[in-house]
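Undergrad: Sequence:
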Amino acid sequence: MIKVHLDTSYLMPLFGLETSIDNLREGLLKILQKKQCVFNYSSVSIIEIKWMIFKLIKKGQEEKSLEKRFTQALSTLQMDSRYNLVHFVSPELNEVSYALRRLGHRDYFDTIIAGSALLAADMLITEDDPLKKVIQRYF
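Residue numbers (this note's numbering): 1183 to 1321.
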């Protein structure tokens, strides 16, 4: 089984949130049909998505429907064996996150997500170019 760590942007469609990544839904559906992959995601990504939802509510979007979709997406992630939650509290993960910050990436959540991928996955799928560069320097 190939362990693929999904950055927050790749979880957003599951929660009904728009992303700027072209053809993301179609691409994810193709990947999900492949049985040889397990998809890791960080609990930090769930926190980031919840903040996005709070911002949408502040801008006037309907809270009840956003919360319902959030609950449904969480249920899907928990029940679907293709998804694996990676918790962000561990000494090893803190060390990797710290190393990535020392290499110049200042977004703490990004370093936790990348660190989770480095420790628990075969690959990270992200659109964050500065983060990709820091990960390359990590090696």
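Don't read these hints as lab results, they were simulated from the structure.
There may be inaccurate statements among the hints.
Here are the simulated lysine to aspartate or glutamate pairs, EDC-like style, with alpha carbons at most 20 Å apart [stated by the list, open to error]:
1) K1246 <-> E1230
2) K1250 <-> D1262
3) K1232 <-> E1208
4) K1250 <-> E1230
5) K1240 <-> D1262
6) K1212 <-> E1230
7) K1217 <-> E1200
8) K1232 <-> E1244
9) K1212 <-> D1304
10) K1185 <-> E1200
Undergrad: Which of the listed hints are not met by the structure?
TA: 3, 5, 6, 7 and 10
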